[in-house]
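Chains as they are written, first to last, in the working numbering: chain D, 1 to 131; chain R, 1001 to 1160.
Incorrect hints may appear among the rest.
[To be verified] Listed next, the in silico DMTMM-like pairs over lysine to aspartate or glutamate satisfying Cα-Cα at most 20 angstroms (straight line):
| hint | chain 1 | residue 1 | chain 2 | residue 2 |
| --- | --- | --- | --- | --- |
| 1 | R | Lys1159 | D | Glu116 |
| 2 | D | Lys105 | D | Glu116 |
| 3 | D | Lys84 | R | Glu1156 |
| 4 | D | Lys125 | D | Glu95 |
| 5 | D | Lys125 | R | Glu1156 |
| 6 | R | Lys1159 | D | Asp120 |
| 7 | D | Lys20 | R | Glu1054 |
| 8 | D | Lys53 | D | Asp31 |
| 9 | D | Lys106 | D | Glu96 |
| 10 | D | Lys20 | R | Glu1056 |
Hints were generated in silico from the structure; no laboratory data involved.
Everything numeric in this text was worked out from a predicted model, so none of it was measured.
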Amino acid sequence: MLLRETLEAYDVAFATTDAKIAAQRGLADADILPDCNQNTPIKALLCALVAAKIILKHRPHIVLSTGAAPGYFCLLAGRLVGAKTLWIDSVANGEELSMCGKLSKKTAHACLTQWEHLADGSAVKYKGAVL
Amino acid sequence: MILVTVGMQLGFDRLIEAMDHLAPSLGMEVIAQVGKGEYTPQNMEARISIAPAEFEQLIGRCKLIVAHAGIGTVLTAQRFGKPIVLFPRRFDHGEHRNDHQVATARHLDGRPGVLIAMDESELAARIDEGLSMNAGDAPISATAAQLRQAIGSFIETGKL
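Turn these sequences into a full structure, and let the hints guide you.
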């Protein structure tokens, strides 16, 4: 949400797991995904299908995600239809890169951490932080 | 009004007690979200938890936030353009499972609108500094400008 100003210069669509928060922030038309994590395999499968449907609906040129698992599925689906993909690890992950950050290193075209000490000099870069 | 928050998961008596002692000298209302602590404040309004919508309302009308060093709280403060004093939980006081809040506080030191009190002795001075800041006109941080530029570049050129 803190990056919204940067994105609104473009044709942008939001996807999130929480319809209430989306509405609260004035994004009533956001696409909603079921939440899931590595311990909920059946929900994860459902989430992956919804992510694919959302990607096919919008056919984005670019997919940005800050995670977590539902964001990762959107990024993966985006990659499969030829979108440029960027992972931005949440600023909440200051101790180590999130699980999804580690996965997305191999999936996304580019991967950012918001903490300088977590950049690895190659796949994971630091280019500033929302704070 | 000053809003004190320690997050919804754990109590944080060291901060709540320090704020309770300072409250009479601050010259304004202090409202505290105290979590599951044991200390009972005498000088400020204390609530175990505050529902998200009301919490945002309180953030909107407070002049300063005093909080544990949780990233979620820092992001909320930034979204509302409010100055925040961070008081990290410490492992050696049994306040968290490790010292990541101390690390977070050190990393955030010096960012616009963020003040750090590493312990009770620094709290009063940081609160004074925070109250003299003008909420809302904090400039966008250099790191945020850098991140926006990197994302803009990725969108336009496919490269960071």
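Taking the earlier hints as the rules, which of them does this structure contradict?
The structure breaks none of the hints.
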